[in-house]
Amino acid sequence: DTEVTQTPKHLVMGMTNKKSLKCEQHMGHRAMYWYKQKAKKPPELMFVYSYEKLSINESVPSRFSPECPNSSLLNLHLHALQPEDSALYLCASSQWRGQGNGYTFGSGTRLTVV
Amino acid sequence: GENVEQHPSTLSVQEGDSAVIKCTYSDSASNYFPWYKQELGKRPQLIIDIRSNVGEKKDQRIAVTLNKTAKHFSLHITETQPEDSAVYFCAALPYGGATNKLIFGTGTLLAVQP
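Chain order of the listed sequences is A and B. Here this note's numbering is used: position 88 in the first sequence is 88, and no number is missing along the way. Whatever position you read off the second sequence (first residue = 1), add 1000 for this note's numbering.
Bound conformation, chain B alone (with noise of 0.2 Å):
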């Protein structure tokens, strides 16, 4: 089954700074790559999402790339503000597969100081 590992578990970044989360998928059956924000005490958020046959996608200050080959993709945060401090989860889903089940990674703790 699929795998998702994600890094780092904590990122700390000056206001104003980018800030680059990294997420590796091991089943090259995945094609669905969405990225979640979930502040303290809330639920997940989708922010952004990447189809297989994209390799770049951008909303305003978030974007994120993949790379098919080497089962990578990434969230870049430009501009950082304290209010995307937060938890970040990656996740995979071989969406048209027989499970639609859809697989996290262990998250990042993102603290942006002001």
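Isolated chain A, as found in the complex (with noise of 0.2 Å):
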């Protein structure tokens, strides 16, 4: 398995509802990430989950929560977000430090913030 799989890939949700992105690989990846792509504009980091342990945190507001429930698996937990939140939320995983070949991505859940 190559693959990087996120659900789900739309969401549309009030800024009220509370929600949760899931990501999952089978690659032996032991890095995690979160991105967050606007449209023509490139992805940019949120998280970096190494060894099932936050890494980096690049000042994402609290309204995020990412947790990372094993090697496997990635969550991103979504609370009281705002129409300006609405983006592609991309997934991805890797090796770590130095091992492997690069990130490889999700297919990314399009969320809608009304």
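Zero decoy hints are in this set.
In silico DSSO-like cross-links for lysine-lysine, where the CA-CA straight-line distance does not exceed 27 Å: (1) B:K1022 - B:K1057; (2) B:K1022 - A:K36; (3) A:K40 - B:K1042; (4) B:K1101 - A:K36; (5) A:K19 - A:K38; (6) A:K22 - B:K1101; (7) B:K1101 - A:K40; (8) A:K40 - A:K9; (9) A:K19 - A:K40; (10) B:K1101 - A:K41; (11) B:K1042 - A:K38; (12) B:K1042 - B:K1022; (13) A:K9 - A:K22; (14) B:K1042 - A:K18; (15) A:K41 - A:K19; (16) A:K38 - A:K18; (17) A:K40 - A:K22; (18) B:K1071 - A:K40; (19) B:K1071 - A:K41; (20) B:K1022 - A:K40; (21) B:K1022 - A:K38; (22) B:K1071 - B:K1101; (23) B:K1042 - B:K1058; (24) A:K9 - B:K1042; (25) A:K9 - B:K1101; (26) B:K1068 - B:K1101; (27) A:K18 - A:K53; (28) B:K1022 - B:K1068; (29) B:K1042 - A:K19; (30) B:K1042 - A:K22; (31) B:K1058 - B:K1071; (32) B:K1101 - A:K38; (33) B:K1101 - B:K1058; (34) B:K1071 - B:K1057; (35) B:K1057 - B:K1068; (36) B:K1022 - A:K41; (37) A:K53 - B:K1101; (38) B:K1042 - A:K36; (39) B:K1042 - A:K41.
These are calculated hints, taken from the structure and not from any lab test.
Combine both chains into one complex, guided by the hints.
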């Protein structure tokens, strides 16, 4: 299995809702990432997990809460989002620190906040 | 931290012509340089990458060159086809570094005219 699977593919949520994005990989990668991508812009790093521990938080607002339950799963919990949070949310995985061949991205969740 | 600049932002070529996209990076510790192709509404897909101990790498119609001294790397696509039309992102990573943080360039929208 050489893929990163993200669910759901599309999500519409209100500003008072709580929802979660899910990401799964079975490549044995020990680093997993959340990126946010706005239209016509590059992906912007949000969080990095290495060996199931949060290693980087790029000053992301607390309404985004990541979780890594095990080495194959990564979640992003969403609460009280704003319309400007609407974007494509990409999960990625890789080997850690010099091993392997770069990042593999999931197909993303297109999030719309209304 | 690392900063990656990418030029041009848009590129239009005739089918069969060559296309060249250029990137510069700032952190001399960066030693891994992937290129991603992103079609509209889809995930970024790795198309080619190069490590700092190599000056050039080729895969069929795609090649990447790296000049470590000048901190430049470039993507070359020969015999372009309409299906090459997409946004291309370069990126830099200090592989083996403490953060495993992939930094993207701003993207190039390539349009191949039939």
